[in-house]
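Hey, can you work out the whole structure from these sequences and the hints?
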Amino acid sequence: MTTDAETSLAQRKRRLVSDELTGSALQLLALKGFDAVTVDEIVAAAGVSRRTFFRYFASKEDVVVQFLAEMGAGMRAELAARPPAEPPSAALRHTVWACVNACAGDADRTLRVVRLILGTPALLARFLERQAHWRDELAAETALRLGRDPVTDLYPQLAAGMALSAFNTVLARWSDSDGAEDPADLIDRAFVVIAPALDTAA
Numbered sequence: 006m007t008t009d010a011e012t013s014l015a016q017r018k019r020r021l022v023s024d025e026l027t028g029s030a031l032q033l034l035a036l037k038g039f040d041a042v043t044v045d046e047i048v049a050a051a052g053v054s055r056r057t058f059f060r061y062f063a064s065k066e067d068v069v070v071q072f073l074a075e076m077g078a079g080m081r082a083e084l085a086a087r088p089p090a091e092p093p094s095a096a097l098r099h100t101v102w103a104c105v106n107a108c109a110g111d112a113d114r115t116l117r118v119v120r121l122i123l124g125t126p127a128l129l130a131r132f133l134e135r136q137a138h139w140r141d142e143l144a145a146e147t148a149l150r151l152g153r154d155p156v157t158d159l160y161p162q163l164a165a166g167m168a169l170s171a172f173n174t175v176l177a178r179w180s181d182s183d184g185a186e187d188p189a190d191l192i193d194r195a196f197v198v199i200a201p202a203l204d205t206a207a
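Take the sequence shown: its letters are residues 6 to 207, numbered as in my numbering.
It is worth saying that the hints were derived from the structure and are not from the lab. Keep in mind that the hints are not guaranteed to be accurate.
Here are the in silico distance ranges between beta carbons for each label pair [as the list claims (entries may be wrong)]:
#1 L14 <-> T157: 42 to 50 Å
#2 R56 <-> R178: 38 to 46 Å
#3 E25 <-> R178: 30 to 38 Å
#4 A206 <-> Y61: 41 to 49 Å
#5 V156 <-> E25: 38 to 46 Å
#6 R60 <-> D181: 31 to 39 Å
#7 S13 <-> L123: 30 to 38 Å
#8 R56 <-> E91: 46 to 54 Å
All of these numbers come straight from a predicted model, not from anything done at the bench. Even glycine gets a Cβ: it sits at the ideal position worked out from N, Cα and C.
Structural data, given as structure tokens:
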């Protein structure tokens, strides 16, 4: 029988291997460009086999997209945890900020990933595909918070879409500034623009 300690050890080992693969891939991709790097080069740099690589990632695209996609994994939970009476703009602003702040401790790596995604059409398409799921999750939670029908009411999907549009705009501006602009300030400025629409329509 597997103990909790053994399970925890296995999880930590998986995380270490995943982090090593991700780190090696991002370093190579930032240096040589996405199209110039092969899976064989990534596994050689990480010191693992191709078989190990494909246990963790379906493709080299997934190495990049998964790193940034993890930022959005807890978005619905963040929104659900906001005070029920909070205006939609404030709740969604906090949700987007929490998503960005999750990677604030590794800003250099996150900036490299953002640049790769925004500068590589195949990666951008995959990332936007992931975001479609985030939008549905945010829309469902927004509908729940406001007592609206997520199927017939346009507001929840539009509100979620505006929040994610603000998120994408902030990422682009942060990337264009070479990390010089403060993401928190950019998020605040973005939500100043969209807050009237979010709160009036709610």
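Cross-check of the supplied hints:
Between L14 and T157 the beta carbon distance is about 49 Å. The supplied range of 42 to 50 Å therefore holds. Between R56 and R178 the beta carbon distance is about 41 Å. The supplied range of 38 to 46 Å therefore holds. Against the hinted window of 30 to 38 Å, the Cβ-Cβ separation of E25 and R178 comes to about 31 Å, which satisfies the hint. One distance hint, 41 to 49 Å for the beta-carbon pair A206 and Y61, holds here, with the actual separation near 42 Å.
Separated by about 44 Å at the C-beta atoms, V156 and E25 satisfy the suggested range of 38 to 46 Å. Hint check: R60 to D181, Cβ distance near 36 Å, so the stated range 31 to 39 Å holds. Separated by about 36 Å at the C-beta atoms, S13 and L123 satisfy the suggested range of 30 to 38 Å. Our hint of 46 to 54 Å for R56 and E91 holds, since their Cβ atoms are close to 48 Å apart.
No hint from the list above goes unmet by this structure.
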